[in-house]
Structures are given as C-alpha cells and as structure tokens.
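**Student:** Sequence:
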Amino acid sequence: MVGIFTQGTANDRHWWYWEDFYYELNRRHPVTQLLYRNYKDAALFAANPLGQGVYNNLQNNTEAAGFDYVGCESCYFDERPDIAP
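For the sequence shown, the residue numbers in the numbering used here are 162 to 246.
Hints were generated in silico from the structure; no laboratory data involved. Glycine included, each C-beta is placed from N, C-alpha and C at the ideal position. Any given hint could be a false lead.
Cross-link-like lysine to any residue pairs, in silico, SDA-like; alpha carbons within 20 Å at most [what the hints assert, rightly or not]:
#, residue 1, residue 2
1, Lys201, Leu186
2, Lys201, Arg188
3, Lys201, Tyr230
4, Lys201, Glu234
5, Lys201, Asn221
6, Lys201, His190
7, Lys201, Gln213
8, Lys201, Tyr184
9, Lys201, Val231
10, Lys201, Gly214
11, Lys201, Leu211
12, Lys201, Gly212
13, Lys201, Arg189
14, Lys201, Asp229
15, Lys201, Glu180
16, Lys201, Phe228
17, Lys201, Cys233
18, Lys201, Trp177
Pair by pair, the computed Cβ-Cβ distance ranges are [claimed, not checked]:
#, residue 1, residue 2, range
19, Val192, Gln213, 18 to 24 Å
20, Lys201, Asn172, 21 to 27 Å
21, His190, Tyr216, 19 to 25 Å
22, Asn217, His190, 20 to 26 Å
23, Tyr197, Gln220, 22 to 28 Å
Using the sequences provided together with the hints, build the complete structure.
**Tutor:** Here it is as structure tokens:
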C-alpha cells in the first residue's frame, strides 16, 4: 500500500506520483491532438520523471513501488475529434 502519511507528516511524493501519472496519461500528440500515452507509459514516467514532473524536480519516485498499473500495454483510450459520433 502506498503511504500518504509518514509518521504524521504528509508524504508529498504520493501526490507527486499521481500528478505525474495523470499528466503523462493525458498528454496529447501535438499534431493529431489524440492521447498517445498508455497506462504503462504513464506509470513508468511517474516512477522516474527525471526532473520533468508537474510540480517537482524528482529524478525518481519511491512511492511508485506500491502501484501496479492496470490496463492494456498497447491500448490508447481516446475519441477522434475529427469524427462526429
């Protein structure tokens, strides 16, 4: 289980992990504007943002050890904006 508090002190790395995970998962391709990252890509980025995280300069995040991504490694979940339903 990923800990939110460590000895009564908020563990910011927990929140940074999830911010980085969802940031990477929701990135859009600059040309097609489609989502192009899957759950595995997002989990790998959040575990090792190499200083490019959303609100921090972490190189790696130890909180990642408690999270197992769920999802298809080759699936992308998005709607094509140029095709009307």
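**Student:** Against each hint, give a clear statement of whether it holds in the structure.
**Tutor:** Checked hints:
no.	hint	verdict
1	Lys201 - Leu186	9 Å, holds
2	Lys201 - Arg188	14 Å, holds
3	Lys201 - Tyr230	6 Å, holds
4	Lys201 - Glu234	6 Å, holds
5	Lys201 - Asn221	16 Å, holds
6	Lys201 - His190	17 Å, holds
7	Lys201 - Gln213	17 Å, holds
8	Lys201 - Tyr184	13 Å, holds
9	Lys201 - Val231	8 Å, holds
10	Lys201 - Gly214	16 Å, holds
11	Lys201 - Leu211	16 Å, holds
12	Lys201 - Gly212	19 Å, holds
13	Lys201 - Arg189	16 Å, holds
14	Lys201 - Asp229	9 Å, holds
15	Lys201 - Glu180	15 Å, holds
16	Lys201 - Phe228	11 Å, holds
17	Lys201 - Cys233	8 Å, holds
18	Lys201 - Trp177	17 Å, holds
19	Val192 - Gln213: 18 to 24 Å	21 Å, holds
20	Lys201 - Asn172: 21 to 27 Å	24 Å, holds
21	His190 - Tyr216: 19 to 25 Å	23 Å, holds
22	Asn217 - His190: 20 to 26 Å	25 Å, holds
23	Tyr197 - Gln220: 22 to 28 Å	24 Å, holds
Consistency with the previously given hints is maintained throughout, with no hint failing.
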